[in-house]
Every structure is written in C-alpha cells, then in structure tokens.
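Engineer: Sequence:
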Amino acid sequence: MIKPVLLLTAAALLAACTAAPSRPVAPTAATTTLPAPSMQRIAEHYVSDAMPEEELDSLATWTTEDGRTWVIASAKSTHRLVVFDGDSGERLRTFGEEGPGAGQFNRPNGVAVHGDHLFVVERDNRRVQVLNLPDFTPAGSFGTAELRSPYGIWLTETEPGELEIYITDSFMYGKKFDEVPPFDELDERVRRYRVKFDQAGRLRSTYAGAFGDTGERSALRMVESIGGDPVNDRLLVADEDRRHESTLREYTFSGKYTGRSLPQDSFGAEAEGVALWTCPDGGGYWIAVDQLAPLTIFHLFDRVTLKSLGSFEGAVTAHTDGVALHAAATPSFPGGALFAVHDDKSLVAFDLREVARTLGLKQGCVE
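Everything in the sequence shown is counted per numbering that gives the first Met the number 0, starting at 0 for the first residue and increasing by one.
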C-alpha cells in the first residue's frame, strides 16, 4: 500500500547523519548549520512501500512505449534493480541477481538512461554494464581494465549515437577501506569513456583518461554523485568526506577544477545526489541533496550563476542517496517530478510545480 503524506509546516532543523554502511566515514565533532535563505516544507506526493532488504541507492527514469514512466533504482544489498511506476510508486518488477555474468550484478550503484539503454555502475564487479530496455537484455560492459571502486555516472551525447560518460572512482585503502589515498593518486577520481553502438547494436567503448584535483584543500577525497551541464561546460562532483569538507566541486568538461564549490559553506551532512532541472529559455536549477536525518535537505541553485535560491525538505524523506529529475509531463505530474530515495528503503516523489510555487521559481520550467 502506498502511503499518502500530509503537508506539514515547521522550521527546518539540521542534524548530522550517520554514514551509509557501505562507505565508512569518521563522525564529525559537531553538526554544521547551513545558512538557508528560504527553507520550506513540501509534502511528498507519495512514499512507496518500504523494502529495507534492498538498500536502494541511485535512480534513473525511462519512458515506455505506451507513455508510462519507470523509475529504475539500484538495490545494493540484493544485487539487482527495482522498477517502480513513477506515477504511483508501485513496485513493478525486479531484475538481476548477484554474480559476475551478463545480467548479473555485484553491488550496483549509479544508474543512467540514454535512449533505450540503461547503464549500471557495479562497484564490486568494477565495471559499467549496459542493458537494453524494456527487457533488460545485456548489451555489453566496459571499464574493467581501469575502474577500481566505481560509484556514480553521468553521460551526455556529443554526436549522434556517440556518448561521453563520466564515472566516479572512489577507491580507498586500509583494512576497512576508509583511508583516502595519497594526494598524488587522487587525479583518478573521475574517469571518462567514449561509447557508441554500431549498426548491429554492439557496444564500442574507449577509455579517455581520468582527472581530479590533488591539492590538500581541494582534492576529491570520497566521490559518488556527479552531474553535468554541457551548455555551461560544468561538472559538479560530490565529495562525501565529512572528515575534511563535504561539498560539490565544480569542474570543466576537460577535467579542470575551477576552484569553486557548491555551496560555498559545508553541507550539514554528506553531499549526495545532484540533478539539473533545465528550462526552455536556457536557464534552470541545480538540485543538490544534503543527506541529513531526520529530514533530507534539498538545496536549489541557479543553473548559470550557481546562486543559492533556497532549500526545502519533505515531510518524511531522510538520509537520501540518489535523485532523478523527470521534467516531462506524466498523468500524476503534469509539470514533472523529482524522485528521491528515502532512508535506503522507499521511493518518494515531489511535484515540480509545487517546488516551483513554494520556492518562488519562475514558472517557465513547468506547465
């Protein structure tokens, strides 16, 4: 049964959250309070049934031939994918099992969709597996020669049928895999691949190198989520290491660190999921997750200037990892939806029209 959520009003309270089980992090000494120029409460449109055994992480959306919206989630503990109906939150099916073969997974994490291809990053198989939708037939894989502990993925089409794909690689040292590598090894935190499909649908991939700043103050220590904006030559990479500073760092598509972070002050907890909400006029908004408990904070920034435009929290959503922004109209969300993971066990959805109205955003992005 899908649980309706009532709209509540309250002041936001920021508190440090514990680290995700798969990513050991030393606790911070105190909670960092993030300035919030416009903290708001927005009720979730729905919260799906809880499935704590799955350990849900990252999300991607895909539109079926009959116009339905699928939300595809990686499930780390069960080593499979979970498919939800985007309009209702109903669980439709699962796919996959633990293993090294095609159609099998070992600790799947980041997911992304381009056309009818689903890309799944597998941390412990050290690869990116590609599947054909809607039947999830394997189309190939890449990255095994270079990837060491991959997590996040973002991709863009550079030419018709050719993709540039960025993968975060958060390999760690020590018996508990909680020791950040030496600074001179942190220039491999983001790896780049060029991928295309031939006329027979066969995958062809080329490794295009790695990057990452190696300065003591600005190095990428623990990376997972990544998002990009080709129009503004901008990549935002989430660094989750609260022992130093958890934030989003700005890179160019060539792999150069710009010296900027987002926001300028530390997150209250871990910087996690990031999504770009684009507008027809070339403007838009970045949505960045602050992985707090008891309530996750969603920060919004101007697409072009990165100016802070306010923040919101849901009524129940907490400890969020992945998010996916689906701007296309659906029966339940005529202006699109923001999907997010709640506490590793449920899918939640926010109505983008309500987000725009509550935060006073321009209405050109939604119907």
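Calculated directly from the structure, the hints in this document are not laboratory data.
It is possible that part of the hints are untrue.
[To be verified] Here are the computed distance ranges between Cβ atoms for each label pair: (1) K195 - A292: 22 to 28 Å; (2) P133 - E96: 14 to 20 Å; (3) P181 - G258: 34 to 40 Å; (4) E96 - T143: 16 to 22 Å.
[Stated by the list, open to error] Cut-off 27 Å, straight-line C-alpha distance, at most; resulting in silico cross-link-like pairs (DSS-like, lysine-lysine): (5) K175 - K344; (6) K255 - K175; (7) K306 - K255; (8) K306 - K344.
For every residue, glycine included, the Cβ atom is placed at its ideal position computed from N, Cα and C.
Engineer: Now look at each hint and say whether the structure bears it out.
Structural biologist: Results of checking the hints against the structure:
{"no.": "1", "hint": "K195 - A292: 22 to 28 Å", "result": "violated (42 Å)"}
{"no.": "2", "hint": "P133 - E96: 14 to 20 Å", "result": "holds (19 Å)"}
{"no.": "3", "hint": "P181 - G258: 34 to 40 Å", "result": "violated (22 Å)"}
{"no.": "4", "hint": "E96 - T143: 16 to 22 Å", "result": "holds (19 Å)"}
{"no.": "5", "hint": "K175 - K344", "result": "holds (25 Å)"}
{"no.": "6", "hint": "K255 - K175", "result": "violated (31 Å)"}
{"no.": "7", "hint": "K306 - K255", "result": "holds (21 Å)"}
{"no.": "8", "hint": "K306 - K344", "result": "violated (32 Å)"}
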